[in-house]
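The task is simple: from the sequences and hints, build the whole structure.
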Amino acid sequence: MTALLRRAFTDSARYRWAVFSRVLAAFVGGYVLSSLLSLLLALLWPIPQAEAIGASTMLSFIFYALIIIWAFNTRRLRTVWLGILLSSVLCLALVWWLMPGGGV
Amino acid sequence: MKEGFRQSMAWLHTWTGLVVGWVLFFMFVTGTAGYFHYEITRWMEPERPLVEALPTAERAQMISLALDQLEQRAPNAANWDITLPHYSPLSRGWQDFSIRWEDLPEPGHDHGARGNATLNPLTGEHLESTPVRATGGGELLYEMHYRLHYMDLLLAYYLVGICTLLMFMAIITGVITHKKIFKDFFTFRPGKGQRSWLDAHNVISVMALPFFIMITYSGLVFFDTTYMPTSMAVLYGPDRESRDQYFDDLYAQNHDHQAARRPQAPLSEMLASADAAWGEGQVKSLLIQQDTGEAPRVEISRIDVNELRWYDGEKQVFNADTGEALPSAPYGTPTSRTRQVITALHEGRFAGPWLRWLYFAAGLLGCAMIATGLVLWTVKRRKQHELPGTGSINMRLIEALNVATIAGLPLGVAGYFWANRLLPVDIAERANWEANVLFLLWGEAFLYACFRDIRKAWVEILWLAAAAFALIPLLNLLTTDKHLGLTLPAGEWVLAGFDLSMLGLGIAFGWMAIKVRRRWLANERKANPTTHPARMEKSA
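Going down the list, the sequences are from chains B and E. Quick note on this note's numbering: the first sequence kicks off at 1 and runs consecutively. Quick note on this note's numbering: the second sequence kicks off at 1001 and runs consecutively.
It should be emphasised that the hints constitute simulated quantities derived from the structure, not laboratory data. The beta carbon of each residue, even a glycine, is placed where N, CA and C say it ideally should be. One thing to keep in mind: the hints can contain errors.
[Said to hold, decoys possible] Each pair of labels, with its calculated beta carbon distance range:
| no. | chain 1 | residue 1 | chain 2 | residue 2 | range |
| --- | --- | --- | --- | --- | --- |
| 1 | E | Q1258 | B | L86 | 49 to 57 Å |
| 2 | E | L1154 | B | L24 | 21 to 29 Å |
| 3 | B | A18 | E | L1154 | 31 to 39 Å |
| 4 | B | D11 | E | P1353 | 54 to 62 Å |
| 5 | E | A1329 | B | A93 | 38 to 46 Å |
| 6 | E | E1347 | B | S21 | 37 to 45 Å |
| 7 | E | P1107 | B | A93 | 38 to 46 Å |
| 8 | B | L86 | E | G1093 | 13 to 21 Å |
| 9 | E | H1149 | B | L24 | 26 to 34 Å |
| 10 | B | I47 | E | L1154 | 24 to 32 Å |
| 11 | B | L24 | E | P1424 | 47 to 55 Å |
[Said to hold, decoys possible] A short list of chain B residues far from chain E (calculated; beta carbon distances all over 12 Å):
| no. | residue |
| --- | --- |
| 12 | L24 |
| 13 | P48 |
| 14 | G83 |
| 15 | I84 |
Structure below.
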């Protein structure tokens, strides 16, 4: 009986931890990734820079929403974290490469 | 939350909705009131006289008088603006004859000081406006929906942004969760407890779905570079100057100006050209401005029409030295125009009377969507055979917050209007006290709901809100001379409409109070303690 209770407790603690981690990945990781995506898009968009920034910033909320949905719908938590981290690194590398002056 | 797409979205919908539901309800109530903020301000300044149109001089004479005043008051201005007296559909009210200007910026500044004055349309002299009581008016109520109250502005913007984003998420996931969105639109099963609450939540949400998506997304766009500053900060720079430069580039406003001066060419020909194009009495204002290196301009604007692309307002531009007609430059850039359309949709600034009421109704549906969602959360989690208000402490807290916000906040808004009429006119910080009354009532409602039988708290606070709204026309009759008996015969629809709307709100809250009472308390009175709770909570 106690063993069962303990297991139920650790299961619930694990579940809570998993939910917390997922919320963190979706909202914080998603924010970082959508910021970087909008920066990348601003660099790629072939219109005057201020307009490209304005347009990609408006779109970044859509990216953010899609990333959050994806993060909550992906079964494995590890995939979520890896996906967000790798895409962020990739965006960052591309931004670095595209920045005027080849990155600071 | 791992049982497939729909379930995980349902989980996200439930929790994003609950976390910010109360703040969102506050934002929707104050924001919905904002669609009539000019009208509310008008009601809250009852000292202003009913008829405001004054005898005017001939138009050319008026403009000349205004130019005299501008030369005298603003010899060093980047622009001069003369507004002729007219009825403005944009602000739904009479606009007085007035001048506005912006001084040339001091070195190191982007903008100079701004000034304005209302003028007597017959003599051109400065016109003192009627002194009115200190009030926050509709403006303060409307501003609360994006800057909250009692807190640092930037903190408020971030909180509002988080709530808006979560609502945006709740809407998207709500749609995904919905299997039969079209069928459910026609489904309402009243008197079936939880099922009815779900139906009501669905019907309300789907009814104004495009409005909700538009209002949350455009709400985010208002503060886009505040919430998502990365692109701008990296490509322009994180400091204030770079930020200003970015907005100047975005809105194509990179001009230095010379001091505005009286046009050399005769204005009468320019005005005649405007009259020929638009018809008599359509000229709203004149702007006099000179970009460095260009000829001075006179821009004649037509009275605003209710259009989504409001910035395209009709204009005729002339060379102020020669009187020659100039092409009028398009407003801003494609991106800034897109942004303006999105934010104009949010503000409904193009809406005529019917569309404005539709906006208002959609806003109320938003309040109802959030309210039913919050109630549904508690109904769903109340254990079988558990009476409302007897669950765990968390449950009790959430139920108290629901009553306090859904019934108590509207009571607070009514209190805001009562305070406007009842607070002494000479009290210090008067406008602040009007707002304090709103929040005090909201807080009181919460305390009351914490300690009172939750079902009784619902009925009592709803009745209180009903009485507070319904008695406003009476209060107005007793405290001012701008009451229904006068405003209705005079056809003053702004003032009469406010009183009648308050009466309508009072009736709506009374109806809700009767409904809730009938479901919960009447059953109890039949003295049958074993009555099935599912029946008792049919319509909380």
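**OP:** State the violated hints by number, sorted upward, taking the hints as numbered earlier in the document.
**Re:** 8 and 13
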